[in-house]
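Trainee: Note that the sequence shown covers residues 6 to 208 in our numbering.
Calculated directly from the structure, the hints in this document are not laboratory data.
As the structure is a prediction and not an experimental result, all values here were calculated from the model.
Among the clues, some could well be false.
Stated by the list, open to error - Cβ-Cβ distance ranges computed for the label pairs, FRET-style:
| # | residue 1 | residue 2 | range |
| --- | --- | --- | --- |
| 1 | S176 | R197 | 28 to 36 Å |
| 2 | L163 | V190 | 13 to 21 Å |
| 3 | Q144 | S176 | 21 to 29 Å |
| 4 | L159 | L69 | 12 to 20 Å |
| 5 | I162 | P77 | 24 to 32 Å |
| 6 | A155 | E21 | 17 to 25 Å |
| 7 | A196 | R52 | 36 to 44 Å |
| 8 | A48 | P20 | 41 to 49 Å |
| 9 | W81 | R197 | 23 to 31 Å |
Backbone N, C-alpha and C define an ideal beta-carbon position, used for all residues, glycine too.
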Amino acid sequence: MPTGSPSAVAFRLTPELRRTSTLVVLGSIMSILDTTIVAVALATLGRDFHVSVTTIQWVATGYLLALAMVTPVTGWAVDRFGAKRIWMTSTALFVAGSSLCGLAWSANSLIAFRVLQGIGGGMLLPVGQSILARAAGPQRMGRVMSIIGAPMVLGPILGPVIGGLIVSNYSWRWIFYINVPIGIVTLLLSARWLPRFDTDERF
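Take these sequences, add in the hints, and give me the full structure.
Mentor: Here it is, written out as structure tokens:
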């Protein structure tokens, strides 16, 4: 197929679409990493907060439950408020939750902040997929959807590795703080780079 043909142009990933894909990958991998990154820190958290294993496991469970609860309503939220607005809100909630988790003073506060983090994180992946699908169109759908597959596969694997390195060499609080600069960069670049769609223009 000639590279200059209309079909080749239609399938090409434009610079704008590459930037959008990069942002979606950044947001998605933060959310997925946090499903497993705390696993290696649970014993340390239990000792620091002087609570049982059963209690401290809610640090992981609370996040996963929040993810599961918000994911089904994400489609409605995108249709109602717009994909870009929900993406920005989700990223902000995730960053705020990560910051508060790092500042947690008790097991109960950490569990509560993990739920907040999960509410933001639970919307990032489906909203990101929606943004990519709308930005790419049907002809480039397969190519961009393969991009989002990378964090889905690598995130759960890298989470315990990164978490183990952080807990072994630094404070456990940094398994949450590490999200903050990445999230802020994602938020700032999203405001500038993410396209707006028809539903975004209604508000």
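Trainee: Does each hint fit the structure? Answer for all of them.
Mentor: So, going through the hints one by one against the coordinates:
At roughly 33 Å, the beta carbons of S176 and R197 sit within the given window of 28 to 36 Å. Distance hint for L163 and V190: a CB-CB separation of about 19 Å, consistent with the stated range 13 to 21 Å. Q144 and S176 have their C-beta atoms about 48 Å apart, which leaves the hinted 21 to 29 Å range violated. In this structure the supplied range 12 to 20 Å holds for L159 paired with L69, their Cβ-Cβ distance being about 18 Å.
Restraint check, I162 to P77: a C-beta distance of roughly 26 Å satisfies the suggested window 24 to 32 Å. Against the hinted window of 17 to 25 Å, the Cβ-Cβ separation of A155 and E21 comes to about 20 Å, which satisfies the hint. Roughly 41 Å separates the CB atoms of A196 and R52, a value that falls within the hinted 36 to 44 Å. For the hinted restraint 41 to 49 Å between A48 and P20, the CB-CB distance of approximately 46 Å keeps it satisfied.
Range check, W81 to R197: about 27 Å between beta-carbon atoms, so the 23 to 31 Å window is met.
Hint compliance for this structure: hint 3 alone is broken.
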